[in-house]
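Asker: What follows is each chain in one-letter form.
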Amino acid sequence: MSAPSDPIGRRLPDSAAAYWERDLVKILGTLGFVYVLYLFVGLLLGYDLFGQLNSLRRLTFLIVVYGIAALVVNLHWGYSGLFNIGVVGFMAVGVYTATILSRPVAGQNPTGSLPGFGIPLPIAVVGGVLAAAATGYAAALPSLRLRDDYFAIVTLAFAEIVRITFKSAELQEVTVLGWTFGTGGGRGIRTFSNPVRDFFDTTGQPLVAAVERLGVDGQLVSGWAFVFVLLGILIGTYWLIARLSASPFGRVLKGIRDDEEATQSLAKHTASFKIRAFVIGCAVLGLLGIVWQGASSGYITPDRFIPELTFFIWIALIIGGAGSNTGTIVGTILFVGMVLEGPAQVRRIVDEFVGLSGSVPTFPDGLAALAGGNVDPILLYVFDQTSALRVVLTGVVLIWLLKRRPEGLFGDRREVASSIDLEARVEERRGRGSEAAGSDSE
Amino acid sequence: MSRSPESEAAGTDAPGLDGGGDPVLRVDGLEKTFEGVTALDGVSFGVESETLTGLIGPNGAGKSTTFNVVSGAIEPDAGRVTFDGEDITGLKPNRTSSRGLVRTFQIARELEEMTVLENMMLPPTNQRGEAAWRSILPGTRGGVQDEEEEVFERAWEMLEFFDIDHLALEEAGALSGGQRKLLELARALMLDPEVLLLDEPFAGVNPSLERDLLDRLEDLRDRGRTFLLVEHDMDLIMEHCERVIVMHQGRTLVTGTPEEVRSEERVIEAYLGGEVS
Chain W
1 MSAPSDPIGR RLPDSAAAYW ERDLVKILGT LGFVYVLYLF VGLLLGYDLF
51 GQLNSLRRLT FLIVVYGIAA LVVNLHWGYS GLFNIGVVGF MAVGVYTATI
101 LSRPVAGQNP TGSLPGFGIP LPIAVVGGVL AAAATGYAAA LPSLRLRDDY
151 FAIVTLAFAE IVRITFKSAE LQEVTVLGWT FGTGGGRGIR TFSNPVRDFF
201 DTTGQPLVAA VERLGVDGQL VSGWAFVFVL LGILIGTYWL IARLSASPFG
251 RVLKGIRDDE EATQSLAKHT ASFKIRAFVI GCAVLGLLGI VWQGASSGYI
301 TPDRFIPELT FFIWIALIIG GAGSNTGTIV GTILFVGMVL EGPAQVRRIV
351 DEFVGLSGSV PTFPDGLAAL AGGNVDPILL YVFDQTSALR VVLTGVVLIW
401 LLKRRPEGLF GDRREVASSI DLEARVEERR GRGSEAAGSD SE
Chain X
1 MSRSPESEAA GTDAPGLDGG GDPVLRVDGL EKTFEGVTAL DGVSFGVESE
51 TLTGLIGPNG AGKSTTFNVV SGAIEPDAGR VTFDGEDITG LKPNRTSSRG
101 LVRTFQIARE LEEMTVLENM MLPPTNQRGE AAWRSILPGT RGGVQDEEEE
151 VFERAWEMLE FFDIDHLALE EAGALSGGQR KLLELARALM LDPEVLLLDE
201 PFAGVNPSLE RDLLDRLEDL RDRGRTFLLV EHDMDLIMEH CERVIVMHQG
251 RTLVTGTPEE VRSEERVIEA YLGGEVS
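Protein chains in written order, with our numbering: chain W, 1 to 442; chain X, 1 to 277.
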């Protein structure tokens with residue numbers, strides 16, 4: 001067996017390194033590490049059981065949804081070389097379609113907000129996924145002949161067009177052939193009620209009551225249950241992409257990534273493979289849009305789907321290393337735990353220990369205090385800027401990776417594109433060969 | 001498809017064209033201009049079945065462009081490519097290669113981040129697992145795997161034939177120049193091609209490996225394959241090819257046996273850099 005090539009595996013003692021090579025150990029190990037960090041922060045902040053569980057729930061939720069998106073980007077970029085930076089566009093198409101389809105028909109609308117087509121939610125979800133896939137097809141068809149970078153520009157522009165279209169006042173509410181529906185424009189649209197929460201509000205109520213008797217807030221039950229549903233989708237996506245990449249289909253995708261012209265000269269209709277890979281990914285993104293943006297908060301606005309979100313998803317992939325599903329998940333755990341949520345955690349600690357909570361000083365005040373020998377106000381100011389810190393941290397991580405490990409933490413891991421274990425077949429052959437050679441010499 | 005009388009003449013006047021046998025691959029009056037620069041100006045020749053045919057000519061004669069046009073990477077402005085009696089002009093590389101006309105590149109184009117075996121198992125056409133759903137669904141994946149076992153067997157045999165089976169699990173990007181050439185040829189053969197277009201297969205290959213490679217080409221020819229190879233080493237061409245096509249300034253200058261070509265005045269002039277009438 002080859003020695004571990006990632007920076008963590010290399011530093012482990014041999015006995016542990018062998019375990020580390022297992023995908024599940026890698027993922028759960030990293031997840032455990034981040035959990036422990038968060039629990040420790042929770043301890044520092046004096047969280048009770050509810051607080052701790054809720055902080056982990058939020059963390060897990062973000063890891064799972066970013067993980068699904070990063071896996072799709074890995075299918076597109078890591079396996080097929082398709083530079084898709086329009087990820088949010090396909091999510092938006094999915095969730096808007098499902099929402100508009102499932103909104104109650106005009107007149108039967110209890111809330112008085114935007115009407116739709118009154119289609120049952122499961123069918124509406126299928127509709128949203130299909131719409132995202134179809135849009136992926138439409139976006140890819142004319143642009144697949146373009147080189148990587150131009151393809152990237154097209155997908156980015158596409159996502160912006162989608163966002164601006166949904167934002168446009170023209171489409172806020174329209175009536176076509178007697179059907180009234182709309183996107184809600186810039187104000188957004190109420191989506192649909194989350195079936196998981198509905199379940200625990202009705203049939204599942206006894207479960208919630210049982211948990212509450214243990215002294216924990218009942219909200220946690222539906223919250224965690226929803227996270228587990230999303231986790232199911234993540235595992236499904238992982239399985240789908242792992243299966244796709246370990247097959248003749250995945251082999252052609254890898255060939256396209258390495259050298260499209262050469263692959264074409266080997267009797268492969270490369271455009272068809274690229275389109276199929278792209279559309280499959282877009283369908284998953286459509287579903288993700290529905291369950292993440294649509295189901296979690298019950299309300300969507302076009303500005304949820306800004307390019308920044310796409311870039312965060314890409315960074316999660318880059319940290320782990322494109323071309324490896326396991327690396328993608330580990331990268332996502334680290335990205336969400338450290339870069340995305342890290343600054344907020346640090347801020348809470350600073351808040352707690354520096355004090356002055358509630359009154360955040362301005363930058364000049366902070367400087368003035370610093371000149372007077374008091375560090376606290378400037379610290380408080382700096383760590384109050386969580387979203388800015390996130391971007392700064394992202395930049396630092398990217399520069400570090402670029403210099404030290406451009407392939408990502410697990411990017412040079414080899415995931416062989418075949419449905420059978422080639423390594424075992426080769427070993428077998430070699431064993432047979434040397435036996436034959438041995439008997440010859442006797 | 002307009003063919004200028006001039007280019008017609010360039011083809012038919014050449015000694016030995018169509019001499020005996022029937023060509024498995026024919027090109028007639030190929031013309032191609034890139035933004036005002038004429039790359040091909042009436043290229044016509046035939047490649048007979050089961051031969052090693054050399055395509056030679058000074059730099060810029062249009063050899064690589066001819067390969068690009070024949071394989072379908074570039075569409076010609078005029079002219080016709082016939083393979084196995086069928087017009088394949090303008091068919092894309094994936095179509096020409098699946099019909100059995102496969103090319104290799106001047107600079108070996110390995111799929112660098114894939115292992116040697118993955119490279120070898122890529123080409124076979126119509127693999128069941130190339131349909132995404134068959135590779136995913138539990139009910140159909142078994143069939144995909146069965147077929148992959150067969151593809152693996154073939155790939156392994158081919159690697160053994162080229163003596164690179166010890167590299168099977170290496171990444172192709174880690175191979176030496178000569179090994180890449182071997183892999184590229186072995187990979188092309190996975191398509192079971194009738195005709196192979198080899199663009200400088202011996203460039204950067206050490207003499208003993210070159211000898212080895214030539215033996216294998218001759219072996220494969222004897223088993224019924226046809227090779228058209230671009231090569232700069234005149235001695236090698238003259239010694240091993242049954243037929244030689246000489247190109248100059250985008251045209252076919254001479255076609256014939258090595259002896260015929262060697263004694264041809266115009267070839268010597270072309271190589272000395274003169275304007276050939």
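Simulated from the structure, these hints should not be mistaken for lab results.
Ideal placement from N, C-alpha and C gives every residue a C-beta, glycine not left out.
Among the hints, a few may not be true.
[What the hints assert, rightly or not] Ranges of calculated distance between the beta carbons of each label pair, as one might list FRET restraints:
(1) X:33 with W:236: 49 to 55 Å
(2) X:75 with W:164: 34 to 40 Å
(3) W:157 with X:268: 45 to 51 Å
(4) X:170 with W:193: 25 to 31 Å
(5) W:130 with X:34: 43 to 49 Å
(6) W:134 with X:34: 37 to 43 Å
(7) W:219 with X:133: 36 to 42 Å
(8) X:176 with W:235: 39 to 45 Å
Asker: Within 49 to 55 Å: is that where the Cβ-Cβ distance between residue 33 of chain X and residue 236 of chain W falls?
Answerer: holds, 54 Å
Asker: Looking only at beta-carbon atoms, does the pair residue 134 of chain W, residue 34 of chain X fall within the given range of 37 to 43 Å?
Answerer: Given about 39 Å between the Cβ atoms, the range holds.
Asker: Just tell me: holds or violated, for the beta carbon distance of residue 176 of chain X and residue 235 of chain W against 39 to 45 Å?
Answerer: holds, 42 Å
Asker: Is 43 to 49 Å respected by the C-beta to C-beta distance linking residue 130 of chain W and residue 34 of chain X?
Answerer: holds, 44 Å
Asker: Look at the Cβ atoms of residue 75 of chain X and residue 164 of chain W and judge whether their distance stays inside 34 to 40 Å.
Answerer: holds, 39 Å
Asker: Between the beta carbons of residue 170 of chain X and residue 193 of chain W, is the distance compatible with 25 to 31 Å?
Answerer: violated, 56 Å
Asker: Taking the Cβ atom of residue 219 of chain W and the Cβ atom of residue 133 of chain X, is their distance within the range 36 to 42 Å?
Answerer: Between residue 219 of chain W and residue 133 of chain X, where Cβ atoms are some 41 Å apart, the hint holds.
Asker: If I claimed the Cβ atoms of residue 157 of chain W and residue 268 of chain X lie 45 to 51 Å apart, would that claim hold in this structure?
Answerer: violated, 58 Å
In this structure, the earlier hints numbered 3, 4 are contradicted, and the remaining ones agree with it.
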